[in-house]
Every structure is written in structure tokens, then in C-alpha cells.
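**Q** So the chains spell out like this:
Protein chains: 4
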Amino acid sequence: MIIQLKTDIRQSEHVLLHRCLDQMEIPFYHVDTQMAKYLVCTPQRDFDIRRIGHIEGIKDVHRVSGPHKMVSSNWKVGRTSLRFDDGTTVGPNDFTLIAGPCSIESEEQVVKTVLELKKYGLKFMRGGVYKPRTSPYSFRGLGMAGLKMFHEVCRAHNIKIVTEVMESEQIDEMYPYVDVFQVGARNSQNFNLLEALGAVDKPVLIKRGISGSIDELLHSAEYVFKNGNEKLLLCERGIRTFEKAYRNTLDLNAVPILKEKSHLPVIVDPSHGIGIRKHIEAMALASVASGADGLLLEVHETPERAATDGQQTINFQEFESLVSKTRCLKDVLNK
Amino acid sequence: MIIQLKTDIRQSEHVLLHRCLDQMEIPFYHVDTQMAKYLVCTPQRDFDIRRIGHIEGIKDVHRVSGPHKMVSSNWKVGRTSLRFDDGTTVGPNDFTLIAGPCSIESEEQVVKTVLELKKYGLKFMRGGVYKPRTSPYSFRGLGMAGLKMFHEVCRAHNIKIVTEVMESEQIDEMYPYVDVFQVGARNSQNFNLLEALGAVDKPVLIKRGISGSIDELLHSAEYVFKNGNEKLLLCERGIRTFEKAYRNTLDLNAVPILKEKSHLPVIVDPSHGIGIRKHIEAMALASVASGADGLLLEVHETPERAATDGQQTINFQEFESLVSKTRCLKDVLNK
Amino acid sequence: MIIQLKTDIRQSEHVLLHRCLDQMEIPFYHVDTQMAKYLVCTPQRDFDIRRIGHIEGIKDVHRVSGPHKMVSSNWKVGRTSLRFDDGTTVGPNDFTLIAGPCSIESEEQVVKTVLELKKYGLKFMRGGVYKPRTSPYSFRGLGMAGLKMFHEVCRAHNIKIVTEVMESEQIDEMYPYVDVFQVGARNSQNFNLLEALGAVDKPVLIKRGISGSIDELLHSAEYVFKNGNEKLLLCERGIRTFEKAYRNTLDLNAVPILKEKSHLPVIVDPSHGIGIRKHIEAMALASVASGADGLLLEVHETPERAATDGQQTINFQEFESLVSKTRCLKDVLNK
Amino acid sequence: MIIQLKTDIRQSEHVLLHRCLDQMEIPFYHVDTQMAKYLVCTPQRDFDIRRIGHIEGIKDVHRVSGPHKMVSSNWKVGRTSLRFDDGTTVGPNDFTLIAGPCSIESEEQVVKTVLELKKYGLKFMRGGVYKPRTSPYSFRGLGMAGLKMFHEVCRAHNIKIVTEVMESEQIDEMYPYVDVFQVGARNSQNFNLLEALGAVDKPVLIKRGISGSIDELLHSAEYVFKNGNEKLLLCERGIRTFEKAYRNTLDLNAVPILKEKSHLPVIVDPSHGIGIRKHIEAMALASVASGADGLLLEVHETPERAATDGQQTINFQEFESLVSKTRCLKDVLNK
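Residue numbers (this note's numbering), protein chains in the order written: chain E, 247 to 581; chain R, 247 to 581; chain X, 247 to 581; chain P, 247 to 581.
If you're looking for bench data, these hints aren't it; they were derived computationally from the structure.
The hints are all genuine.
Just so you know, same-sequence chains aren't split out, so a pair can sit in one copy or run between any two.
With a straight-line cut-off of 25 Å between C-alpha atoms, the simulated BS3-like cross-links for lysine-lysine are:
hint : residue 1 : residue 2
1    : K581      : K524
2    : K571      : K581
3    : K524      : K322
4    : K576      : K364
5    : K576      : K524
6    : K252      : K448
In this text, all values refer to a predicted model and were calculated from it rather than measured experimentally.
Extracted from the complex, chain E is given alone in its bound form (with noise of 0.2 Å):
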């Protein structure tokens, strides 16, 4: 169950609440976010909602079923639509690319990326400084240095940044030059993470896990939610199966059934997915058809150069490309 409150609600009206479900033995957690306030209930047992639905600073309450809570369908009227500064919205009603290198190297570098992607009108660039990696002898990123220089251009183009964090102690540092934070694949179930970017009020992109299920990845935007931030984007980036064609099953089956269970926006990186740069379009083409909300994508001008992830990475040509056909496909399905 989920209780709105209003965002005036009085301090008499809150004892008075907690009283209720207190004798009613039923558990109650405050969730209070950059938009609203809430509590969510997790009762053992059916009650009557009556026994509550009277106090005044209740603004609404939803029967939620399920696991889920706030990241739930059940009690939204509506899909959720991210909401920036600058009127920037990203949600149902926008097809939002996403695109940049996977690792920052060089100004040069982004500088060239941010005029590829303003010709198109884009609005956010992906980049990451701090790089997880399996061995801990290949590159790692180019660190707070990378980001700030990174920051620099992107700003003074109108640049928006999405770029991964890799663990709590990052945040406070990152936070100025960041407009997105993202958890990777691999931290997709790091609570502590999660937790502490609850206490953000930056959007947050996350990743499902490498083998995690569409489940473990709604509650990890639960923990979110839970913890403060209610502004959150989910995405599917392929999943570890027995296949080895390519680099990982970009699963789209994912992106209906997200948007079936829960009220958040659905991004889709076919670059990760499934890995092999010549069916990047193929995959991405696929995934505005299956309902994405928008795409993230590897972009470079010379992906053989690239320090990471070239052999996904598409170059500039392949990355006008894959924008026009994409919108010009999204626009087929909106009609």
C-alpha cells in the first residue's frame, strides 16, 4: 500500500497516521522525495482502508500488490516522465537518445562528439571516467580530471551528462559535473550505491545486472525510490545466456514487460547488448519498435581507436545513420 501525503500535512496529522497503523500492526516506511512525500506500507494481512482514508494530509492511497511499490504501475495513473531544469523531459512522450564513447579520453575527443551530437539535436552525452573492468591491469578512465573537462564542454554546448558511478564515496565529488548518474551492470544490486544515490536529487540510470532478472531490477530502483529519489530511469543492456554469436542477449522482451510492471521511463543500450558494431542499427531499430523510451548508445569518430569497447562502438557515419532511422521509425509508431 501507498499512501500520498500532502506536501502540507500537518505534524498532529502524521502522529495520528502513525498511530492507526501502529495499532493496525501494519509496517510503514516514509519515503520523502524531491517531488512528494509518501509512506509505503507493507501490511502481512488484508485491512480495511477506511481506517485510515479519513485523516486529514492524506492526499491518496493505492492498494499496491506485488513486491513493488513505488516503482510500481499499480498505483501511477500514467507513465512517468523525467523532468530537467531546462523543461528536458525524458519519458513516453520523448524518444531520447543518449551517445558518447564508452570512455572519456581526450577534450578533442568530446568536443567532436558534442558537435556530432548537437547536429542532431541530441541532448545528452554519455561518457565514463571511471570504467569497471574485469582485469584490474586494462584502463580504468580518466577520473575526476576526465569528468570535469568533460563537464566543461558539455556545458557550454547545453550538454547534458550521463556518466557511472562506482560507488557511494564518488557521489559528493561527481555530483557538480553530473546530470545522470548511471549504475552499471555490475553494481546493479549494490544497495549501498543505490542507497546512497537515493539521497540525490539527479536523475539516476540503471542498469540490469548481467544475469539479473526484470525483477531484481525494479527493486533495485526500489532501494532508490525508497531512499529519496524518485527520479529514475531503467534500462536493459543484454543478459549472460549459453549463446556466444555475440556479446550478450540484448533482451527485448524486457522493455513491454517493464513498462507493464512499473510506471518508469525504459532506455535501451543495444551497444552492450549484443556487442557486434555491423547489428548496432539492427538492435536499435528493434528496440524503438519494441517500446523503448529512448537509447543509449556507443558513439566515437574512429572506434578502432577507441581505449574501450571499440569492436560495439559505432562511428559518426554509422551513428547519423541509426538517429534518422530510428526517429523516422518512431514516428510511424506514435501515429
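Position chains R, X and P against the provided structure of chain E, taking the given hints into account.
**A** Quick look at chains R, X and P alone, frame taken from chain E:
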């Protein structure tokens, strides 16, 4: 290596060719299909192609690396289109919809379905009369009696039948009533069945195994081709993974990969893929966008009362919407 | 529900029983095996067992919940032991080693292997004459000629033959020369083959499918039992997962689960499981400790020269060590 | 390549060595652990080892092919044994049982468990105070207060504590009360946590990821070693597959593979593996037979009332049986 032979190759040229190959210690296999004659050679090491290239009776010689030979895209210019006697084609220039119930249940059912398919100009109806069922206590299909009835109705309306054959012994009996033999996911590596279908002059649609790799699907098609039947359709129908939110993981990554590796048409079955009625349309659209040459769909007047697979079968109204949207999408993609 | 019938049940009692079941609208199936007569009933709802319990000719009535019936441990006291004509048994009181090459290659090979097996008192030799191969260009086995030679040598030494049958058409021809019919992993859900083996009075060893669930393996055994053959062995041989460090994931979890759910003997094939020669012994020992009733092992005088599966086959010396260690382990576990 | 340095290497020798490596353009990393000093080199191409071998201060030089370096079995003679201050060892010559509840719940619980462990001479108790939980609404553990109590009881009885650390920020606070830091399956690729644990001088037990490959587990251990901590334990705990008959697929194939590839001790956790109480013993025995150096077990006085993981936790009586049988088995295997 694939040697294409002229159809009028003389016996003496044959003998000469064999002698050359024997001298070079190159194993070879005769492949005589409905359309052409080939020799598939599997040399252990490199050799000088000129030593055979001069022989009269040879039409062309192609180097084909990799484990797949006849089904490989390496030797054939352009992708294959299947051609039926009445001029109907299935392939890269078509968008083939094959629809119908999981199981053939009654004449009334077949008639209603056929009329529905004809409304939208479909030329193929699917429907099982031999049903592979996990439990021996489940409904197993109407068998030959059902097939004959199915055929009678379809012939009257000029609709072609796609239906599953479960073992080689059934082929002869089924032959007069079938237009496309379907090999189910559980028989995808039933090599005896595949070989027996190599002797048939009607098309074979091979489904990917339940946890079959893309490579194995191509090998299974190779079995049929090598034994003389090059009328082949590959079908992606979902693989088995850890995810429990849906029936199977429809693996659309397989579509561009299959089209890269093979010249054969690729059909997608979203019904068995995601296996959830309300999400069939999203996955059908995604299949089209991924590049599929056609769709295999479970359709029933009243899915709630279907003998089998009702939970993943769409009704006539949903089918109308799906046909219209997928065709519209295909049109845009073709531009 | 399983109704055990007396072997001398009278026709009139049969009629009465059918009438009772029909009146209660309970579907039922006759199962007449080499050993006994049963009726398997699949009622849709609960009913009063006393309405049939009084009928003469009934030996016993068992409620069996769950999808599996005849193979379920629910109705049978104790675990099953297979008994051969010469008194050899396979089951919970034995520890059965079945060993031999992947493929039968020559008489010399068979003779050498048989002599090796007899050194350690083994009673079963495995060896394929029909080999399911992913590629149609691979070695496919010696066929019937090989089987006859195999049988001649084995009969002379009083060794029983376990060999794979690939389709129902082969059964009659193979029958005189086979002691245990093996159903391979790729045929684990070849329902026509399973049904045909139900009509045979020799034991059937069914391998779990390549990505077959434990539940499916039990259903496949149910197919054979329901069609009249209750001489069954279940075989775990590794499943397909994402892990690439070995051939298959030998799933020893399946052993205690199969023994809990079914009364049938459980054999483990560590050769196909881990698929790496130097680790076969470790997995064989683990199989024994997990509770397996026997092992299926690939052994060859010179694995390096084996026609098939050499990389996972142990030589005679390694075999001696393995036999000695596994038997020693089994003795300790039996205490 | 791994260069072992003498502990008393002089600064001038260091400089000389660096200069040589720089001249040959070989990247290198200093690894200074509690026990020794190393240089890990990752040359791109072959080179003449004699060009550095003569430098004083070098103890030994090992070529190590493959992606893993410090954790690889390539450079170390014999397998590693961890040694605690009181002389307790964990490794190939021991059989280490680590047992205890999933979650620390109360002092009474800890006392009872400790007394039970001492009956059988165990030296390690497991117990979580920080619990990674899929849902934010689940019990999360007693935290630091619980750990301090846990430590007090254990210290009084000379029992060592194995407990999970969830993020690098927790390490300092937990340090005084922990003997072995456990990295859970969900944090198996939390590279920041792994690096932070590299700075600790206490052992780290790393669990394989939920769908982590064996290769990834070794890379995760490499992270810790490279950052200075060579006291490492690898732990197999089951992987995620399609099979639904149990919780996870305990992958005992990993045991011989890990022992082949790495010199580090291998522990198996059958409780999280199969995840079914009545089958823990069978899988524990199989783990021992597969070659495990120890077991991690969930034990609780009354599993039915355990705060977490009750369904896979054995009670004291079952534990007694398991200890006795596994030790007996280990004795036989050691002969």
C-alpha cells in the same frame, strides 16, 4: 569449398572431377537438390583451386570457410527467396505472415481462421496436428484425420499449410497435405528427421532449439540441404534463460546474426518467444524492425478456449491490429 | 492417482472399474508393463477414493500429486532396482559403472576395452554406433555392422551393451544386440522415440536434455513408462550455461532432487559433464558423493586417437584409478 | 610475468629494474603484500628475460601467460595455505568448516552456535550483520552493534569471524571485529570494494558472482592481490541457470578448474548452492569429493525461525551428521 555443377554435367566430367579431388585428398559430398547440383568439399588444408577449375561441367567454385557450407552466406550472391508453384515467394523481398492456432481443433475453427487470414491477404496458415507435449497426459493433436480436414479447407481457399512433423516415419503420410514442414524446437537436432526431410521437395521451416545456439540451427539446416533439400526457412522462437518474467527469451539478436551468416530467410515466432498474449504485438514489431523476413503467429478466435497455448495466442481483433502495424512498419523500413 | 491392478484382474472387474471412473469423470490411461498393470488417473478435482477402492482386481490405490505419475516417488515404497535376466541389478544397492569409448571404432578396440572392463568386474560397456553430430560432415558411427561386432565380442565375455538409439525405426533392428537403449541428450524430448521405447522390454537410459529441466527429464521417463516399459534409468550429463571454462555444467544438484522426486535409479555421466579429461576423476568422485547410483564413463585405450570425444575420454590407467577411488568412496558412504 | 623481489631490495636496484623495464617498454605494477614484494609485468610481446634476470634484488622471475597473474597457478610452486596468527591454517592440508547462521540475530543465538561449533572443533563462524537483500523492505542485519556482540562472544571462545562487508566505507569500522572479510556474490565485481580490501591485512573470501564466470572470479581475486592483500579464499556458491527445481546451480565443476588455474584455496557454499535444507548434506559431500578445501555452511538452532535463509539452513543435529560424514569422506580422499 562448394563446387556448383552444371545441371548437364557429363559422366566423364564427373569422373574427372572425383579423380582430381581424390588425388588432392579432399573429402567431398554430392548434394543434389531440387534446383541444382553441388559438391561440398571439406579439405583439411589449403590447395590450388586451379587444379579443378578448368574442368568442364563446373559452373562455379566458391571458397567457404567456417563450419557451415551450403547454408552459408559466403558462397551465394544475395539472400535466398523460396518460390512456390503458384508464384508465392518467401524471402528478403516479401514480408511473410504465417498465422493460425497452436493446435487444429475442428473444421469450424479452421474455416473461421482461414477466412480471417484471407481478409488480410495471408497465404500461409499454421496449425499443429501432431503436438510435442512435455507430459504424455496432455492433448497430442488430431493427427492425420485433422491434417486431411485442415488441408481440404485450406486448398479450397488457396491457403498453404505449415505444420509440424515429429518423426521421419510421418513424412510420407503427411506429404500430400503439407506445404511447409515445420521442425519443432525439441526436434531441432533430431538429425534423422532432418536427413529424411532432405529427401523431400517441399520447404522445411526449422525452429531453433530450446537452448540451441545459432550455430547449431545453421548446422541443422545444413543437414537438410546436404541431403538434397534447399528450400529452407530458419525460425527464431526464443531461448531458455534464467529469466522467469516470461515464457522464453525471444532472441532478436539472432536475426541480424543469421542474416549475416546465412543466405536463408529468417522467420520469427514471437508467440512462443515472450509467450504472453498482451506483449505479442510489441515483440512482433521488434521482430520486424530487427530485420525478420516474416512472422509465425498463434491466432485463435477465442484464445481462452484454445486446446493449447491459449496464454500466448492473440484473437482476431488483436491480429488485425498486428497485421496492420507490422506491415506499416515494414513499409517504412523498406524505404 | 495410480491404481495398481492385480495381474489376474477379471474382465468384469475391468469393466466395473472403467464405469466407476467414467461416472466420476476421471480420465485414465492403461499402463501395462513387463512387470505389472496400472491405471493412471488424472482427475481434475478431489474425489472419494472409496468409490473405487472396493473393486476386486485392484491391488492398491495411491494418490500421486504433482505432474509426474508412474515415475514419481510418491506411490512407490523404496527406490527401484532394475533386474537383468542373469541377476545383475542396477539401483540403490549397487554402484554400477558403465564404461567404454564414445564411438565403437573397431573389433580390436572393443576387445581391448572389454578385457579392461572385466579386470575390474564391470558388467556394462557403453559405445555408440549411431552418433548424433552437430555437423552433417562429421563421423556418424559404424551403424548396424558395428553394433553386431560389438555385440559378438561382448556376448562372448558376458558384458552388457549400452548404446544410443536415435529414432524409432532403428529399434527393431538394434533390439537383438542391445541390453540398454540409451536416449541421448538431443533426443531427450523426442516423444515419438520415447513412446516407441515404451513398447520394448529392455531397459532405457534417458539422458537429461542439453538444457533440459529436471522436470522435463522426469516427464520423458513418464512417456516410456506410460507406454509400457518401466525399466528406466535417469542420467544427468551436464547442462548448458554461460560458463565457458568447461564443456557443460555437470549439475550434481540434480542427483538428490531426482532421488527425492522419483523412484528410478540415477546415473551420472561426468565425461560429457565437465568434458575435460584431467577433471573427470574429480567429478566422478563428486557424483558418487552426491548419491548417484552409477556412472557412465568414456574410456579409450588412447584417447588422443579416439574417433570422437577424445578430449573428455580417460585412458585405461586413469580408468583403473577412477574405479578404485570411486568404489572406495562408495564403500565409505554406504557405512 | 611476475618478478619476485627480495624484501631487502635496495633503492638503486629498484631504479635499475624500472629503467630496464621502461627501456623494453614493458608496463609494470608494484604489488607489495603482507608477505612479499612483486612486480607484475604485462608485456605486449615476447622479450629476453636475461635482460633483467641479473639485477640484484630480484629473487625470481616467472613467465605467467593468461590474463590472471598473481592468483595464477603458473608461477607458484604448490597451492597456498592461509596462516592466522594463532597458527590456524586454511588450505590444501586442512579441511576447513565455516558454519553459522545467515544473519546474526541475538547474543543467545551466537552463544548457542559457538558452543555447537566448538563441540566439533570448528575454528570459524560465519554470520551476517550487513545483509544484501533484493528488496529494500527486507531485514538488513544488525549492523555494527551486532558485529561487536558477535565478536565479543567469539573472542571469548577463540572462534574466528567470517562476515560480509558491503562497501569500502565499512571496512575501517568493521576491521577490529572481523577475521575474514567476505565479499558476497552481488559484490563479486564491485571493483572499488575489492581494491579497498587490497589494503587490508586480513583474509578476504570472495564469492563467485550470481552469474559470474570462473574467469571473472579469478580476476576479482587479482584485484585484491594486486592492491596488496594476498590472503585470499575463492568461494563457489552456485550460479544462475534456467533450472527451477532448486535455488542456484551449485557448480562443482568450478572446484577442479579453480584448483587448476589458481594456487588459492577453494571453499564451497552448498547452502546457497542448492538452497534446499534436506539436500545440503548430499551437496556438501559432493563438494568435498570434488576437491574443495573447505565448506561454508548455514547452520541455525531452529532454521524455521531464522531471520533469513531458513529454507536452506540446517539445524544442529543435521550439522553434527554433516560434520562427521564430510570429515570421514575427507579422510578417505586424503589416503
